[in-house]
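Trainee: Here is how the chains run, residue by residue.
Protein chains: 2
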Amino acid sequence: MSNISDIIEVFIKELLEDASNQSVEIQRNELASYFKCSPSQINYVLTTRFSMDRGFIVESRRGGGGCIKIAQMDIEKDRYVEGLFIEIGNSINHLKGVQIIELLHQKGIISGREKEIMNAAISDRSIQSPFDIKNEVRANILKSMMLAVYRNE
Amino acid sequence: MSNISDIIEVFIKELLEDASNQSVEIQRNELASYFKCSPSQINYVLTTRFSMDRGFIVESRRGGGGCIKIAQMDIEKDRYVEGLFIEIGNSINHLKGVQIIELLHQKGIISGREKEIMNAAISDRSIQSPFDIKNEVRANILKSMMLAVYRNE
DNA sequence: CCTCTGTTTGACTTTCTTTGACTTTAACTA
DNA sequence: TAGTTAAAGTCAAAGAAAGTCAAACAGAGG
Numbered sequence: 095m096s097n098i099s100d101i102i103e104v105f106i107k108e109l110l111e112d113a114s115n116q117s118v119e120i121q122r123n124e125l126a127s128y129f130k131c132s133p134s135q136i137n138y139v140l141t142t143r144f145s146m147d148r149g150f151i152v153e154s155r156r157g158g159g160g161c162i163k164i165a166q167m168d169i170e171k172d173r174y175v176e177g178l179f180i181e182i183g184n185s186i187n188h189l190k191g192v193q194i195i196e197l198l199h200q201k202g203i204i205s206g207r208e209k210e211i212m213n214a215a216i217s218d219r220s221i222q223s224p225f226d227i228k229n230e231v232r233a234n235i236l237k238s239m240m241l242a243v244y245r246n247e
Numbered sequence: 095m096s097n098i099s100d101i102i103e104v105f106i107k108e109l110l111e112d113a114s115n116q117s118v119e120i121q122r123n124e125l126a127s128y129f130k131c132s133p134s135q136i137n138y139v140l141t142t143r144f145s146m147d148r149g150f151i152v153e154s155r156r157g158g159g160g161c162i163k164i165a166q167m168d169i170e171k172d173r174y175v176e177g178l179f180i181e182i183g184n185s186i187n188h189l190k191g192v193q194i195i196e197l198l199h200q201k202g203i204i205s206g207r208e209k210e211i212m213n214a215a216i217s218d219r220s221i222q223s224p225f226d227i228k229n230e231v232r233a234n235i236l237k238s239m240m241l242a243v244y245r246n247e
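Order-wise, the sequence lines are chains A and B. Okay, so the first sequence: first residue is 95 according to our numbering, each after it adds one. Okay, so the second sequence: first residue is 95 according to our numbering, each after it adds one.
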């Protein structure tokens with residue numbers, strides 16, 4: 095049961111616990127050498143345990159002084175948004191997306207202008223990617239924006 | 095995190111903050127020796143952080159008593175956004191997108207939260223199109239969102 | 001024993017930073 | 001005015017991160 099990935103996952107989550115602002119910065123190589131694993135192991139942990147669907151935002155910078163920033167939205171805290179996330183899943187059509195954004199507005203979670211910005215982002219005209227993946231891309235964008243809203247309440 | 099470029103960037107921005115007329119003069123070699131880096135490092139910071147794209151104008155004079163003058167552009171809002179549209183065109187990479195959004199924020203056109211929402215929408219993690227159209231999709235999304243902002247001033 | 005799923009690794013790629021050797025321009029001085 | 005010196009500019013190479021991807025590996029269930 096104790097594979098390295100799980101241990102690293104717990105470690106990062108503890109860092110997040112301790113962090114005042116629910117976000118933490120790590121250095122990939124540093125962490126990897128601390129746990130005596132390969133650097134790409136860190137990427138594996140991030141993609142499998144700290145995905146957007148689980149309420150995490152991961153950003154990074156390469157080059158000298160580069161780092162990885164992990165931020166958390168406590169989805170558990172808000173059952174409502176959690177439900178919406180599940181509803182979105184990894185694919186959503188335009189109509190449903192608009193409905194969800196409207197709900198967020200009605201609940202007073204986002205302003206009118208923010209609603210319009212989000213609608214613009216998920217419109218079919220914006221997401222001009224080929225056929226099948228449109229709804230996947232839309233789902234990612236929408237969830238990502240929702241996380242941003244929640245991190246900036 | 096702690097690369098010299100970022101530190102110098104912050105330093106210069108603080109100088110600009112303090113300056114009464116939104117412009118400041120530095121001496122390249124002096125600054126370089128203050129930060130114990132090579133002089134050309136200063137040029138690197140200027141080109142990557144104080145480019146015109148980011149709303150800065152940099153002028154300099156060589157030779158004895160030479161110096162570098164950094165000023166912040168103050169362009170009228172409407173013309174500005176128009177220019178950004180042209181700059182985006184039908185394809186834009188992530189870095190440039192972030193810069194443009196930052197500018198919109200600095201100009202007071204969008205709020206901090208709107209900035210985060212827009213950043214989320216154009217992040218590489220959101221736009222996971224497997225094809226080579228990422229930058230096209232990003233351009234469309236960004237322009238759409240900017241239009242939405244404009245319609246809802 | 002085989003397959004399926006999740007983990008681990010390493011080679012290779014991409015991005016961003018830092019440095020240094022060389023160039024250009026301006027001012028000063030004899 | 002020519003020569004010297006004191007700036008800043010350029011560019012490419014080296015360095016320092018993080019990212020990707022496919023292959024090897026491990027363990028559980030059938």
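No wet-lab data here; the hints were simulated from the structure. Check before you lean on any hint, since a few could be wrong.
All copies of an identical chain are treated as equivalent in the list; a pair is satisfied when it fits inside any one copy or across any two copies.
[As the list claims (entries may be wrong)] Think about it this way: if two alpha-carbon atoms lie no more than 20 Å apart in a straight line, the pair counts; the simulated DMTMM-like pairs of lysine to aspartate or glutamate are: (1) 163 - 100; (2) 237 - 218; (3) 228 - 218; (4) 209 - 153; (5) 190 - 108; (6) 130 - 176; (7) 163 - 218; (8) 228 - 124.
Trainee: Determine for every hint whether it applies to the structure shown.
Mentor: Verification of the hints:
no.	hint	verdict
1	163 - 100	both (19 Å within a copy, 16 Å between copies)
2	237 - 218	both (16 Å within a copy, 13 Å between copies)
3	228 - 218	both (8 Å within a copy, 15 Å between copies)
4	209 - 153	between (24 Å within a copy, 16 Å between copies)
5	190 - 108	neither (23 Å within a copy, 34 Å between copies)
6	130 - 176	neither (35 Å within a copy, 50 Å between copies)
7	163 - 218	between (31 Å within a copy, 15 Å between copies)
8	228 - 124	neither (38 Å within a copy, 31 Å between copies)
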